[in-house]
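Chains as they are written, first to last, in our numbering: chain C, 1 to 292; chain Y, 1 to 292; chain W, 1 to 292; chain P, 1 to 292; chain X, 1 to 292; chain R, 1 to 292.
Just so you know, these hints were derived from the structure itself, not from any lab.
There could be a bad hint or two in this list.
Which copy is meant is left open, so a pair is good if it fits within one copy or across any two.
[To be verified] Under the rule of at most 30 Å between Cα atoms (straight-line distance), these lysine-lysine pairs were calculated in the DSS-like manner:
no. : residue 1 : residue 2
1   : Lys-221   : Lys-283
2   : Lys-244   : Lys-141
3   : Lys-16    : Lys-141
4   : Lys-167   : Lys-155
5   : Lys-129   : Lys-16
6   : Lys-167   : Lys-16
7   : Lys-249   : Lys-15
8   : Lys-70    : Lys-130
Everything numeric in this text was worked out from a predicted model, so none of it was measured.
Number of protein chains: 6
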Amino acid sequence: MDIGEMFTDALPWLKKYRDAIIVIKVGGHAMVDSEARNGIIKDIVTLRYMGMKPVIVHGGGPEIDAMMKKLGKTPSFVSGLRVTDDETMDIVRMVLVGKVNTDLVALISRHGGKGIGLKGIDGNLLLAKKKGPERITVEGKDVDVDYGWVGETEKIDPDILFTMLEKGFIPVISPIGYDRDGRALNINADTAAGDIAASLKAVSLLSLTDVDGILMDPNDKASLLSHLNIMDCYDLIKKGVISKGMIPKVLSSITVLNAGIESVRIINGNVKHAVLLELLTEKGIGTQIVKE
Amino acid sequence: MDIGEMFTDALPWLKKYRDAIIVIKVGGHAMVDSEARNGIIKDIVTLRYMGMKPVIVHGGGPEIDAMMKKLGKTPSFVSGLRVTDDETMDIVRMVLVGKVNTDLVALISRHGGKGIGLKGIDGNLLLAKKKGPERITVEGKDVDVDYGWVGETEKIDPDILFTMLEKGFIPVISPIGYDRDGRALNINADTAAGDIAASLKAVSLLSLTDVDGILMDPNDKASLLSHLNIMDCYDLIKKGVISKGMIPKVLSSITVLNAGIESVRIINGNVKHAVLLELLTEKGIGTQIVKE
Amino acid sequence: MDIGEMFTDALPWLKKYRDAIIVIKVGGHAMVDSEARNGIIKDIVTLRYMGMKPVIVHGGGPEIDAMMKKLGKTPSFVSGLRVTDDETMDIVRMVLVGKVNTDLVALISRHGGKGIGLKGIDGNLLLAKKKGPERITVEGKDVDVDYGWVGETEKIDPDILFTMLEKGFIPVISPIGYDRDGRALNINADTAAGDIAASLKAVSLLSLTDVDGILMDPNDKASLLSHLNIMDCYDLIKKGVISKGMIPKVLSSITVLNAGIESVRIINGNVKHAVLLELLTEKGIGTQIVKE
Amino acid sequence: MDIGEMFTDALPWLKKYRDAIIVIKVGGHAMVDSEARNGIIKDIVTLRYMGMKPVIVHGGGPEIDAMMKKLGKTPSFVSGLRVTDDETMDIVRMVLVGKVNTDLVALISRHGGKGIGLKGIDGNLLLAKKKGPERITVEGKDVDVDYGWVGETEKIDPDILFTMLEKGFIPVISPIGYDRDGRALNINADTAAGDIAASLKAVSLLSLTDVDGILMDPNDKASLLSHLNIMDCYDLIKKGVISKGMIPKVLSSITVLNAGIESVRIINGNVKHAVLLELLTEKGIGTQIVKE
Amino acid sequence: MDIGEMFTDALPWLKKYRDAIIVIKVGGHAMVDSEARNGIIKDIVTLRYMGMKPVIVHGGGPEIDAMMKKLGKTPSFVSGLRVTDDETMDIVRMVLVGKVNTDLVALISRHGGKGIGLKGIDGNLLLAKKKGPERITVEGKDVDVDYGWVGETEKIDPDILFTMLEKGFIPVISPIGYDRDGRALNINADTAAGDIAASLKAVSLLSLTDVDGILMDPNDKASLLSHLNIMDCYDLIKKGVISKGMIPKVLSSITVLNAGIESVRIINGNVKHAVLLELLTEKGIGTQIVKE
Amino acid sequence: MDIGEMFTDALPWLKKYRDAIIVIKVGGHAMVDSEARNGIIKDIVTLRYMGMKPVIVHGGGPEIDAMMKKLGKTPSFVSGLRVTDDETMDIVRMVLVGKVNTDLVALISRHGGKGIGLKGIDGNLLLAKKKGPERITVEGKDVDVDYGWVGETEKIDPDILFTMLEKGFIPVISPIGYDRDGRALNINADTAAGDIAASLKAVSLLSLTDVDGILMDPNDKASLLSHLNIMDCYDLIKKGVISKGMIPKVLSSITVLNAGIESVRIINGNVKHAVLLELLTEKGIGTQIVKE
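Chain C with its partners taken away, still in its complex shape (with noise of 0.2 Å):
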């Protein structure tokens, strides 16, 4: 194909996207692979530079592993939520904004463009409050579990966001945010991507993850549900399709499209230029749930 015939081709998708905010959950294999995130972020300027709105929020969960080691502490795990003692969240904090988002940012820079960095106690941007310790069932039994400084969104302030995107900023967001005592608490990417998409009316939550997208059959790559609504992913569950890690990111995608945004796309962070071919393009590359 023609480099003009396909920049033409783009041109609904320069239409539907101009200065549209569209938040883009970076994590994955893609956080730890520095060839990969260096594609990554240049996709993401150039979205900004094509007249759109990019927003990041970024994991880290392997390089907190690390450190942590490093360190002399044992990673630990409750229902997919990591144990959070006071020295760990400071590893969190500094691994998380001291490294993995300056990183970012710098990628940014080198790319041409201008990001940010911030995480939830920047302008009051994330309000958190401590989840449990709660009383829940694993493997069968009920036990009481006390997550440490891990938190729940409370309340998002948009303002400092809508300020830097309206400067040409790229926004770079460590999910960390801050209780009504100016305390840290650490708080799941994915789920604080979704609470940030929906306080900007996100046209769009792009989750850049490890795997293709939804398939009919794991096995196929061929397999894949490129668009999907609501209703299709709980008959989707029910039939067993979507399972395991897949449902929380799915039954998440749910509450986010519930909230206003208009999709929320799944895509495999590890194929070349995934952010561009999927909003982009005609058919995309991943599976694109909408409302209705």
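Chains Y, W, P, X and R: place on chain C using the hints.
Chains Y, W, P, X and R in isolation, oriented as in the chain C frame:
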């Protein structure tokens, strides 16, 4: 090459031309071939949606000739200028403003853009003065010529263009000026485009012609000169490489460059996506002339 | 009367119409008599400099007829609408946009104002849809008619007008609409003026005609009815005082009043300074219709 | 002449003075004759509604004298300046600010305008310094005089005037300045008007007096000199045509012109509609002085 | 206490009143004691520089009485209202606007602020209507009274106040209203302050009086009631704790609170720094009345 | 002294610093003592609410040392600069950006302000270049040293700071710069604070240290020099009064003063309310250095 790659390859140009004003002179064969015209306008709408600010200046000689013939008049030219009596001036206005310009604006609309048709009198955009009568030398003989209502730019007031660009419009300009008494004057489209580009401090002026640019050997397309500066141009004129109809085009380009425009590009409007390929690829497709 | 007295007598109207949008439909004899046309435009430029915001909508039937004849075509009408084939549509566009409109803008410039010529496609101002083909009753017989490229307003986007008014321009609009496929449609100028006035929430619509307004006795100019409301109009139609060609004019005025315009004024464009006298004197010169 | 004609005849002046700041010094007989005062204010409100920006500076000598007498004090003057002791200063403030100024603002309101009364202390508009005590020559003898609280302009801060003009108000200014210690000083109204006009870069200063302007022969109204430049003025002073009380008025006009004001106009405030006739007719009614 | 402590202790109030409009009624003894007046104005300028937006409304009874006597007139009151004939109205205007108001603005300037003196006619701020004549009961007898030019607020247009506050000015308002015919009316300063506070949606109205607030035991300063709500007030009136002159003050406070003001504060203007202590300390110094 | 008095005594400084940008370098003991840190931040939030625009630049040496030790690394310094290898650079970033900076922003939030944490890469705020390797003289011997990732400011782009200040935020900046390839560089906090103050045209730079300022006799607190100019400083260095660690601090202050900052103040961060006392009292508490 893969689509995503093409997009990110365009990043340097997207950055360079972000919010940049680019004047595009549309003329020649492309104006009579509806498919070519459609392609050019689609390219230009795409530019707009990627954040540039294109301004179109159009010609329309063949359509004027056709209407003159229908009305029983014979077109007549002196030194390349159309001798323009009262009736011809009315025909020029009707064809350029009422038909050609309006068709281009309609095409912009069809591709999802917002165009606005303008001529010199709108917002006092292009004040002109009558050219001649004067004594010139034709084929060795001195003759007195009166071009009639042919004019030259006296002053451009770009205010209305800045207003329209600010509001997201694509201006389409017919090269008809008006003198201080409100009389219409027929202006050469290339000259008008140059004058307008200079008054807008445009980044670049693209001139769509029927040739590939400046060729070292007119019979060998591969001998295209992609990048020239003003000194090169004078050299090539002296050597006869730039000759005939290309001389005034190049000389007027030099005037525009001296007025502060960064580059003038002579490209073949009949090449598919000529505009996008010239602006968004490293190599371009025609001849780019810069000051130094 | 002394000139100072006149200005202070006008104070109530200067106050009332300060910054007010006033749509002026210019048509009839005044359009072919250059002195009358010049006087009307001078009045309108004076309004602008006294702080009002006039918008001009013009017709041009006689000039279209003349050009059609020159090109060997015979004008044809059904129920007062010009049957508009492809060739006629081109002629309508060329005459209205290329000649009549451009002449009015040039006159504005000559009197020191800044005009801008517009038609329906500019800034997607007037989206229209084709009227018919339909079965109507003509002289007692049912006939199938196809008006060709005759259209009706589907939607007005007044954005470009507000922009131009804000910047001090006087917009001059040719009543040519465009459908969703970018095809030109011939619209009745009175209807277009009414639709535009409604979309702008204009304070008043002035319709310049060849008659003095609505007369109780058509043979007695002194029987002019200066002030009517909608109920009066229906009564006068029933009584036959309002008859023939005046009926559609009055019915369309009622539509405009119901859309929120404060007053419609039917005045004689052949009276010197008709526009100023109507707007800036207690008595006015024509018939003013208000809602209640 | 017909009304419409009068309006369009005013077009050149409406254009010239559109958005122009015009300072009007109101004094003399007109200030004590309530009908004349009413007429002047009505003219000024009309100017505002036609798009100009009038600023009023008023005097009030006769009313001050009257109040002084009521309170048992005898007005006293040296070289045309009112000797101003503490008690007199209080009377001056009370009469000018509390009565004369307030009456003018109320008249503006009655004619539908929005006035605002100001004196030198408001917004630190007019910083002044005490004049004298000094040794002057009176009737051939050197005497030491102390004018008391008489002041001269030290600095104008026109910011508050620009704010009020921008918001559509007509400022009415009492010529009372304040020194750096917040003490009130009595300033000559003509001088204050000139200083304010200069600081506002007004287009014109109108001085309403009780005479028709500068006459070649003081007994022949027909000998009015309509248009003078600075050189003419010096000549006429030398020749004795400009004499007595008119000399300081003309000299201060020259100062104002040198500060960048386009014209100073000396007109008879007792002529009906003097302000409008002077500004909106070709001929004017008084003497206009320009730089060259 | 150390100065740093004091500032940080004030932090909650600095936050609460940041950009808040606070109307301050200045009257009583403080108006005739120049040192007290100076202190109050210094406090108010300090408020402005700490980010609040104070608006001053002043009285001036004693100074009016003094001037009336000087001019041989005897002040006369009915039900606490000054009977205001033509001459008295002129004196009221001259004293309040020309002297008291102007002195306050000069004090603001001396402390480095920018004041602006206003009365009801400026910018049509306070439209009033004449009160009475009416039949009232005085000491058990029905009598017909005509207060003369005494008025009541009909409508406040706070536009000019918002403009001045936005620009950093401290408005100083004389309680003189104007009726629809431009006639001056004498308004009670407390009522005017309340009406103005309500129209500005002020956060608080401070009333500077000669008493410490509302005391449970009038002979015991320690019995001050610091915080009351509307119900408390009605109770205290019933019980006789609030009595005599304080009753109308409290009733008018209730009206203001019902119009949406957060609090009314009755404080002793003779206490040094009463305004700052009331607004910037936890305890305050007078009685604060709130809705509930 | 009474509270109100203290407030009005601060009036000259409230005026002087209204809307003024003040850069505050926070370092030393105050950074490790949580109560002192809390007090400093409360002072700074108070400044903000009184209308100033504070900007914080922080150090964090002790916390970096602690983390290095935890990770088994030994801090090493050459000429007072931390030798920064890859791993150290990561630790510096994590500790400063992820912990120290984030804690300060959380404290701002707790006191009711809105903070935002920044480092050099955000909005391309601080472009730096690597210092050395270079040959220096240490204890009389020439040695080649490589400081590793230690940098010097190349260019400040204060745009993001102006944006944040305009929106009411308190920026908190970690002194980490980035070079043109997006690599992090460790910058001296004092130097960074000075460079940032200069780029912002700040009114003053406050340097919070562990000493009381410059003392004539180091053992006598009463010998504090409150006010010095640049000439004084050079004299005192010559005389040995300014010595050791204070020399570079004073020399860098001189650079900042020459860049247009009005004053540099060296104060003891361990004194309660040091910031407020220095800025809002006549005497201040430390040493203020001005140009002349």
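Status of the hints after comparison with the structure:
1. Lys-221 with Lys-283: This pair counts as within: shortest intra-copy Cα distance 15 Å, inter-copy 37 Å.
2. Lys-244 with Lys-141: Cα proximity of Lys-244 and Lys-141: one copy only (20 Å, versus 67 Å across).
3. Lys-16 with Lys-141: neither (50 Å within a copy, 51 Å between copies)
4. Lys-167 with Lys-155: Both, since 24 Å and 20 Å are each at most 30 Å.
5. Lys-129 with Lys-16: between (36 Å within a copy, 25 Å between copies)
6. Lys-167 with Lys-16: both (21 Å within a copy, 18 Å between copies)
7. Lys-249 with Lys-15: Answer is within: at 29 Å inside a copy they meet the 30 Å cutoff, but 35 Å across does not.
8. Lys-70 with Lys-130: Classified as both; 27 Å inside a copy, 28 Å across copies.
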